[in-house]
Amino acid sequence: MPDIHDEDSYEPHPKPGVSHLDYAGEQGMAVEQETLVESDVVKREEARSLWGDAWRDLRRRPIFLISAVLILLLVIMAIFPWAFTDADPRKADLVHNYLKRPDWTDFFGAGWFGYDGQGRSIYARVVYGARASITVGICVTAAVTVLGGLAGMIAGYFGGGVDAVISRIIDIFFGIPLLLGALVLLNAFSTRTVWSVVVALGFLGWTQIARVMRGAVLTVKQSDYVVAGRALGAGTGRLMFRHILPNAIAPVIVVATIALGGYIATEATLSFLGIGLQDPTISWGIDISSAQKVIRTAPYVLFFPAAALSVTVLAFIMLGDAVRDALDPKLR
Amino acid sequence: MPEAARARWVLAVATSVVLVATGCSSGGGGSSSSDTSKTFSYQSSEPQNPLQPANANEVGGGRILQNLFRGLVDYDPSTAKIRMQVADKIDTSDSQTFTVTLKDGWKFHDGTPVHAKNFVDAWNWGATTSNNQINSSWFSDIEGYKDVHPAGGQPTVTTMSGLTVTDDLHFTVKLSNKVSYFEYKLGYIAFSPLPDGFFKDPAGYGQKPVGNGPYQFVSWSHNQEVVTKTFPDYQGVDKPKNGGVVFKMYNTSEAAYADLQSSNLDVIDQVPPSALATYKNDLGNRAIDAPQGAIQNIGFTLYQSDWSSPDKAKVRQGLSMAIDRDTITKTVLQGSRKAASAWVAEGVEGYKEGACGDACKFDPAKAKALITEGGGVPGNKLTITYNADGGHKEWVDAVCNSIRQSTGVDCTGDPKPDFKTARAAITGHQLNGAFRTGWVQDYPLNANFLSDVYRTGAASNDFGYSNPQFDQLAKQADEASSVADTVTGYQKAEAVLPSGMPTIPLWYYRTNSGYSTKVQSVMFDSFGNPAWTQIQVKG
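In the order they appear, the protein sequences are chains A and B.
For the first sequence, my numbering assigns the number 1185 to the initial residue and increments by one for each residue that follows.
For the second sequence, my numbering assigns the number 8 to the initial residue and increments by one for each residue that follows.
I should point out that these hints are in silico values taken from the structure, not numbers from a laboratory.
Where hints are given, some of them may not hold.
[What the hints assert, rightly or not] For lysine-lysine, the following DSS-like pairs were computed, each having C-alpha atoms within a straight-line distance of at most 27 Å:
(1) B:Lys368 x B:Lys345
(2) B:Lys400 x A:Lys1284
(3) B:Lys400 x B:Lys287
(4) B:Lys153 x B:Lys185
(5) B:Lys345 x A:Lys1275
(6) B:Lys96 x B:Lys124
(7) B:Lys181 x B:Lys96
(8) B:Lys375 x B:Lys337
(9) B:Lys215 x B:Lys248
(10) B:Lys400 x A:Lys1275
(11) B:Lys388 x A:Lys1275
(12) A:Lys1275 x B:Lys375
(13) B:Lys368 x B:Lys388
(14) B:Lys368 x A:Lys1275
(15) B:Lys110 x B:Lys181
(16) B:Lys287 x A:Lys1284
(17) B:Lys248 x B:Lys236
(18) A:Lys1275 x B:Lys321
(19) B:Lys337 x A:Lys1284
(20) B:Lys375 x B:Lys345
(21) B:Lys337 x A:Lys1275
(22) B:Lys427 x B:Lys400
(23) B:Lys525 x B:Lys246
(24) B:Lys345 x B:Lys400
(25) A:Lys1284 x B:Lys345
(26) B:Lys373 x A:Lys1275
None of these values were measured; they are calculated from a predicted model.
Generate coordinates for the entire structure from the input sequences, incorporating the hints supplied.
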């Protein structure tokens, strides 16, 4: 991450908005001394940005490392599921595999986790189910970040009437419970795919980001370097995206990362209720839903997709926590 | 736990000893006393239409109506034979004109007497196009039906010429054709009488029905419950032994089963697939496994251009042969069904095993060949629409997997949230391809499984199937001089179905049900209904 203030040396060491929090972290005195020295000598090349600091901080956190490895694994699983299993997740063999128990000797094989009530390999379905969850999580997060970020930026930057209108719209959307709203919206789709779920959750989920963004922009807007930039004749677009955005984005990233896990869980909930993803999409939520019918005779059919879902949601929430701690040590 | 159970058992014995000693009856079951004033609850689903007798061809409304109304005849729950209710006798000499004699003393729940004109008015009203009754074609045998229910446009009259009231207790029915088994049909709920008040406010009576059956309507909380109570003036042969039925609406059979186990529900419709493997253990002697005159099919949207061409019959035969019925009934359905080989359910008068022929035998190679020969499934994709509240997902998925793996046709299930939504989509022709369809007998005769489903324009012909040869054979069977000839006639008509394959027969039903510890003497008939009036609620 490059130093965001390299080109704009109105203030050699800006402490606007959230970014100053970085310097009051657990390193305490040491950091402050370092910054003192830094600002005295004005060694800009060595000056560490918020991002540089955050990265250094993250690298040392086991929680971050564990969740990052898990997420990397899940992403690879979502992109190349066939690298993890030879079995076809849709192949059903009722004659031989109906509710067959897990066979641990079949290490990484089709029968490793057993077979479900349709005679399908549970392991293959767990692997192939990652794609729907990861896609929904990442796409919804991207959608709400762009949508909410833009709305929050416009509201915070322009203020006044624009702010009033956008804030009221945010209030209205905030009043709609995500799950309930998604139920209603998804009912309108005759065939539901990953993309209809993304659209529904993105449409309903952007308000939180918008609020966070608006607050951050309001703080950053007051900074001297923004005022200076405006005085020097910088246009609205330049001010917004070169000066304000880089300094206001940190809390948005924190909120978005933590929310990502929540969106995956929401997708699974919707699919479980039969209103989210549909066959032939392979989704942990759908598999959990059908597993409940045989829970008394074959609990392993429920266990594996449920465990996969839990691990994935946990990984993203842990990542979000670690990122928040790194970017905003005051909340630690 | 055993101690608690023993304590209660001792208490029950003590109570019955006291009752016997004081000369009180301890009820038919004999195991413990019953209280005839107590109600019991039954698992139901929200009726699709207002509660008008000719407006229910689904179980949600039908089961409620058959308790609120009694027709001329009904069927004995233990033998499935016809027995007289409001009718004293029904006479005919030519199988075309029937003279009905009513018993005196029958009353509606509002106190007005049940007279011949109540039947005649009700049938006329139910048959008339402008009243939009879903079962109006049930009256199509009666002379003058075409005047009140023309093929297109509005009717010119509102009474059928075939119905004549002689006096309060006599009326005659003249049919446009000979229907040897017409009497069998009269037990169907559409032939119920209606009180005079109904015709002034049919919509209001649809929400608060007034009938002449063993139970009278108390309240209807939509999507929650319909409450009924025993009608003290009921004149039928099956006097209620309980205080009423509460129909509780459930969206899933799992929820109903959970409520049954916690005794929040007394009698269920069917145990959910998740409990089939264990319900006999769970419920012990309160479990029920009885044969049922019902069949599960996959219907096709023959009214769509995709499926209407004659070649597509081969595709449907192929799809049928791609389904491994035996394995699915044994595994996914856990023995709760029996693989079908005909369109008429097993145990029904006129059932002919193997009527479907090779088309109902699992043969993946031949299935694939037939589908190719017929030009393939449109888009190589098949969608089977079903209602998600009936425990159908497992077998629809299994059928789809079987079809996909045998033939490569990309088959998927399309769940609709509840039965009402699914039925509305089916009857409104808003589907694409295939859908789950079932047939529970209205009367235990093969004619019912064929005439009312596959005839051109029949009430439950949701497929748009029309075959002149079938219609002709059905007509001949109806005109036969005896019920026995009718049965063989309809067997001939059934033999026409494999060539067009309007539906794929899957399997015959069994009633897998159970009841709570609060009730006893629960018996299910071949309709899959409990003998409502005979259920005893423990005191």
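Checked hints:
1. Taking the CA atoms of B:Lys368 and B:Lys345, the gap is near 13 Å; set against the 27 Å cutoff, the hint holds.
2. For the given pair, B:Lys400 sits about 20 Å from A:Lys1284 by alpha-carbon distance, which is consistent with the 27 Å threshold.
3. Taking the CA atoms of B:Lys400 and B:Lys287, the gap is about 22 Å. The hint holds against a cut of 27 Å.
4. For the given pair, B:Lys153 sits about 16 Å from B:Lys185 by alpha-carbon distance, which is consistent with the 27 Å threshold.
5. Restraint check: the Cα-Cα separation between B:Lys345 and A:Lys1275 comes to about 25 Å, which is no more than 27 Å; the hinted pair holds.
6. For the hint pairing B:Lys96 with B:Lys124, the CA-to-CA distance comes to about 17 Å; that is within 27 Å, so the pair holds.
7. A C-alpha spacing of about 16 Å is found between B:Lys181 and B:Lys96, which places the hinted pair at or below 27 Å, so the restraint holds.
8. At roughly 24 Å between alpha-carbon atoms, B:Lys375 and B:Lys337 fall within 27 Å of each other, so this suggested pair holds.
9. Taken as a hint, the B:Lys215 and B:Lys248 pair is honoured in the structure, with Cα atoms around 24 Å apart against an allowance of 27 Å.
10. A distance of roughly 17 Å separates the Cα atoms of B:Lys400 and A:Lys1275; the hinted pair therefore holds under the 27 Å criterion.
11. Taking the CA atoms of B:Lys388 and A:Lys1275, the gap is about 17 Å. The hint holds against a cut of 27 Å.
12. Distance restraint check for A:Lys1275 and B:Lys375: the Cα-Cα separation of roughly 18 Å lies within the 27 Å cut-off, and the hinted pair is therefore satisfied.
13. Between B:Lys368 and B:Lys388 the CA atoms are separated by roughly 22 Å; this keeps the pair inside 27 Å, and the hint holds.
14. Distance hint between B:Lys368 and A:Lys1275 is fulfilled; the C-alpha atoms sit about 22 Å from each other, no more than 27 Å.
15. Taken as a hint, the B:Lys110 and B:Lys181 pair is honoured in the structure, with Cα atoms around 21 Å apart against an allowance of 27 Å.
16. Pair hint B:Lys287 plus A:Lys1284 holds up; C-alpha atoms about 22 Å apart against a cutoff of 27 Å.
17. Distance restraint check for B:Lys248 and B:Lys236: the Cα-Cα separation of roughly 11 Å lies within the 27 Å cut-off, and the hinted pair is therefore satisfied.
18. Proposed proximity of A:Lys1275 and B:Lys321 is supported: the alpha carbons are some 26 Å apart, at most 27 Å.
19. The suggested pairing of B:Lys337 with A:Lys1284 holds, with an alpha-carbon distance near 15 Å, which does not exceed 27 Å.
20. Restraint check for B:Lys375 and B:Lys345: the C-alpha separation of about 25 Å stays at or below 27 Å, so the hint holds.
21. With a C-alpha separation of about 19 Å, the suggested pair B:Lys337 and A:Lys1275 falls inside the 27 Å cut-off, and the hint holds.
22. The straight-line distance between the Cα atoms of B:Lys427 and B:Lys400 is roughly 16 Å, inside the 27 Å bound, and the hint therefore holds.
23. In summary, the hint linking B:Lys525 to B:Lys246 is supported, as the alpha carbons are separated by about 20 Å, within the 27 Å threshold.
24. With a C-alpha separation of about 18 Å, the suggested pairing of B:Lys345 with B:Lys400 holds against the 27 Å cut-off.
25. Between A:Lys1284 and B:Lys345, the direct Cα distance comes to roughly 23 Å. Compliance with the 27 Å bound is thereby established for this hinted pair.
26. Restraint check: the Cα-Cα separation between B:Lys373 and A:Lys1275 comes to about 21 Å, which is no more than 27 Å; the hinted pair holds.
The structure shown violates none of the earlier numbered hints.
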